[in-house]
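K.L.:
Here are the chains, one letter per residue:
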Amino acid sequence: MKITVCIGSSCHLKGARQVVEELQYLVAKNNLKDKIELAGTFCMGNCQNGVCVTMNNKNYSLSPTNTKTFFEEEVLTQI
Amino acid sequence: MKKFDTNVQWIKYNVLKEVASLAWDNKLFDSLLDIPTRINPTKKPINRCCIYKERVIIQERVKIAIGGNKQNRNVIEVIDIACDECPVSGMEVTSACRGCLAKHCQTVCPKGAISFDANSRAVIDQEKCIECGLCTKVCPYGAIRQNKRPCESACQVGAIHMSKDKTAEIDNEKCIACGACVYQCPFGAIMDKSYILDVIDLIQRSQNNSKYKVYAAVAPSISSQFSYVKLGQVISGLKELGFHSVVEVALGADMVADLETKELVEKGFLTSSCCPAFVDFIHKFHRDMLEHVSHNLSPMAMIGKTIKEMDPSAKVIFIGPCTAKKMEFQKETVSPYIDSVLTFEELQALFDSKPFELSSLEETPLDNASYYGRIFARSGGLTDAIKEAIVENHIDDFTFKPAICSGIAEIKMAILKYKKGIDIGNFIEGMACVNGCINGAGCLTHGPKNKIEVDKYGMQAHEKTIKEAISTMP
Chain A
1 MKITVCIGSS
11 CHLKGARQVV
21 EELQYLVAKN
31 NLKDKIELAG
41 TFCMGNCQNG
51 VCVTMNNKNY
61 SLSPTNTKTF
71 FEEEVLTQI
Chain B
80 MKKFDTNVQW
90 IKYNVLKEVA
100 SLAWDNKLFD
110 SLLDIPTRIN
120 PTKKPINRCC
130 IYKERVIIQE
140 RVKIAIGGNK
150 QNRNVIEVID
160 IACDECPVSG
170 MEVTSACRGC
180 LAKHCQTVCP
190 KGAISFDANS
200 RAVIDQEKCI
210 ECGLCTKVCP
220 YGAIRQNKRP
230 CESACQVGAI
240 HMSKDKTAEI
250 DNEKCIACGA
260 CVYQCPFGAI
270 MDKSYILDVI
280 DLIQRSQNNS
290 KYKVYAAVAP
300 SISSQFSYVK
310 LGQVISGLKE
320 LGFHSVVEVA
330 LGADMVADLE
340 TKELVEKGFL
350 TSSCCPAFVD
360 FIHKFHRDML
370 EHVSHNLSPM
380 AMIGKTIKEM
390 DPSAKVIFIG
400 PCTAKKMEFQ
410 KETVSPYIDS
420 VLTFEELQAL
430 FDSKPFELSS
440 LEETPLDNAS
450 YYGRIFARSG
460 GLTDAIKEAI
470 VENHIDDFTF
480 KPAICSGIAE
490 IKMAILKYKK
500 GIDIGNFIEG
510 MACVNGCING
520 AGCLTHGPKN
530 KIEVDKYGMQ
540 AHEKTIKEAI
550 STMP
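Those sequence lines, one after another, are chains A and B. As numbered in our numbering, residues 1 to 79 make up the first sequence, in order. As numbered in our numbering, residues 80 to 553 make up the second sequence, in order.
FYI, nobody ran anything at the bench for these hints, they're computed from the structure. Treat the hints loosely; a few may be bogus.
As the list claims (entries may be wrong) - Under the rule of at most 25 Å between Cα atoms (straight-line distance), these lysine to aspartate or glutamate pairs were calculated in the DMTMM-like manner:
#	chain 1	residue 1	chain 2	residue 2
1	B	546	A	21
2	B	384	B	367
3	A	33	B	388
4	B	384	B	345
5	A	2	B	390
6	B	384	A	21
7	B	387	A	74
8	A	29	B	133
9	B	122	B	133
10	A	68	B	547
As the list claims (entries may be wrong) - If you want a taste of the chain A side facing chain B, the calculated C-beta under 10 Å gives, among others:
#	residue
11	1
12	8
13	9
14	10
15	12
16	39
17	40
18	42
19	43
20	47
21	48
22	49
23	63
Since we're looking at a predicted model, the values are computed, not measured. Every residue gets a Cβ at the ideal spot worked out from N, C-alpha and C, and that includes glycine.
Let the hints inform the model, and build the full structure from the sequences given.
P.N.:
Now the structure itself:
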């Protein structure tokens with residue numbers, strides 16, 4: 001499964017780095033490195049709703065504070 | 080507020096703007112020959128001796144604006160009919176010579192080329208004179224002048240000389256495409272080839288970024304340019320032009336700083352990879368130093384590579400102050416990552432070929448890099464970044480001794496010393512343009528304020544360290 005995080009300027013300012021780091025940490029912690037591919041992209045064209053994340057063709061709007069909830073409720077349930 | 084430093088830039092800009100606006104409307108082929116009269120619809124010349132010459136020169140500028148002579152692999156071209164064939168007679172004794180008794184000029188002349196006439200005034204034997212300029216320096220009246228063509232003075236690598244018909248001629252074997260002559264020729268007789276049409280074509284064929292996405296990778300020196308509007312408005316302008324997204328090349332610089340630091344520690348002596356004119360200078364004049372050139376990509380190529388790894392169908396256009404980048408992106412090692420190159424001058428023309436006004440646009444943020452990646456734009460910035468990367472990588476058994484070279488003259492001196500066995504340190508930061516990229520030939524404006532602007536822009540970066548900027552990428 002591929003999770004793509006927007007790291008364009010707008011999302012970056014809203015905390016894309018923290019989102020990426022949190023996801024990397026959670027993937028490693030749950031031993032999912034061979035099942036989840038983390039990817040980046042420069043702008044998804046949906047800057048108002050950053051930090052933009054896509055997974056299984058669905059768009060999510062994350063922030064550093066709700067990344068863990070997203071991982072638990074969306075990622076772990078779909079894997 | 081003024082957009083350019085010189086009238087020459089203004090003339091070139093008008094040509095680029097006309098070419099671009101016709102290209103957007105797909106009317107370029109039909110109207111190509113009308114461009115001179117579109118620029119000056121009157122029958123009176125604005126810049127030249129007659130309207131006919133003026134039109135022909137504009138036509139030559141159009142040729143270079145649409146890509147130039149395909150047979151000539153250099154991106155720097157001479158417009159021979161625009162060249163004023165400046166008279167050159169080497170050293171000249173002016174009427175300020177008072178026929179003094181000290182005769183410092185004669186004493187200092189290493190070739191015995193100075194004698195005195197019946198009035199005791201200095202006379203220079205042009206056959207003996209080697210134009211070293213020592214007499215100019217010692218004369219207390221400043222009476223001896225060194226006449227040199229501006230293009231030849233600008234060229235620090237001796238790539239320009241006078242042809243048989245007295246027009247300037249570029250030796251491609253020596254030219255490093257730094258663009259100094261382009262900016263310095265007061266008649267605008269030397270121009271950098273433009274790929275503005277390729278860029279318009281890439282944008283148009285993307286069909287609003289639906290077929291593939293077109294990315295603008297902007298050099299950090301952009302912060303010192305377009306000073307009549309806010310940087311955020313320039314970024315919005317790029318999106319109005321049709322770019323999908325704008326990415327900082329400074330993020331590529333952060334990556335280069337990290338990698339180049341590790342390479343330096345491993346090899347013990349290194350010369351920098353970011354300035355293509357400097358790298359080319361070593362290739363053309365100091366091949367025995369090639370083993371010391373960093374194997375890293377330049378920040379431009381690095382960010383292009385990063386974008387294309389994330390989006391393999393992406394098209395990446397580098398936008399910066401540099402004419403030498405127009406050579407670099409065509410190299411085999413770089414062409415997979417960068418699709419075309421524009422200068423800030425060309426970007427200004429692109430903006431003004433469209434109906435929108437930059438000053439009326441909302442601001443769009445630009446923030447991908449750290450302070451250190453951003454200050455690559457000025458001399459000493461790369462060195463500061465390496466100092467930081469040494470700390471961030473916890474390297475404590477290496478003493479960093481940089482030789483910061485601002486401009487080719489300082490680079491030459493450092494290499495000369497190195498070859499003579501004089502200790503210059505273990506790292507050459509080479510920038511072909513004096514003060515760095517902020518003084519590049521493709522800049523709209525050049526001046527001391529540019530450095531202040533770049534430093535200010537650096538301080539505004541969201542990420543404070545190189546590692547933080549890099550770790551944003553999954």
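K.L.:
Decide, hint by hint, whether the structure agrees.
P.N.:
Against the structure, the hints:
1. B:546 - A:21: Holds - the C-alpha atoms of residue 21 of chain A and residue 546 of chain B are around 12 Å apart, at most 25 Å.
2. B:384 - B:367: Roughly 29 Å separates the two Cα atoms, so the pair is violated.
3. A:33 - B:388: Measuring from Cα to Cα gives roughly 19 Å; hence the hint holds.
4. B:384 - B:345: Distance ~24 Å between residue 384 of chain B and residue 345 of chain B Cα, so the pair holds.
5. A:2 - B:390: Holds - the C-alpha atoms of residue 390 of chain B and residue 2 of chain A are around 14 Å apart, at most 25 Å.
6. B:384 - A:21: With Cα atoms ~22 Å apart, residue 384 of chain B and residue 21 of chain A stay inside 25 Å; holds.
7. B:387 - A:74: Since the Cα atoms of residue 387 of chain B and residue 74 of chain A sit roughly 28 Å apart, the hinted pair is violated (cutoff 25 Å).
8. A:29 - B:133: violated, 71 Å
9. B:122 - B:133: OK: residue 122 of chain B and residue 133 of chain B at ~10 Å, within 25 Å.
10. A:68 - B:547: holds, 20 Å
11. 1: violated, 14 Å
12. 8: Holds. Min distance 6 Å.
13. 9: holds, 5 Å
14. 10: holds, 5 Å
15. 12: holds, 5 Å
16. 39: For residue 39 of chain A, the interface hint holds, since the closest Cβ of chain B sits about 6 Å away, which is under 10 Å.
17. 40: Cβ of residue 40 of chain A sits 5 Å from chain B, so the hint holds.
18. 42: At 5 Å from the nearest chain B Cβ, residue 42 of chain A passes the 10 Å test, so the hint holds.
19. 43: holds, 4 Å
20. 47: holds, 8 Å
21. 48: violated, 12 Å
22. 49: Violated - the Cβ of residue 49 of chain A stays beyond 10 Å from chain B, reaching only about 15 Å at its closest.
23. 63: violated, 15 Å
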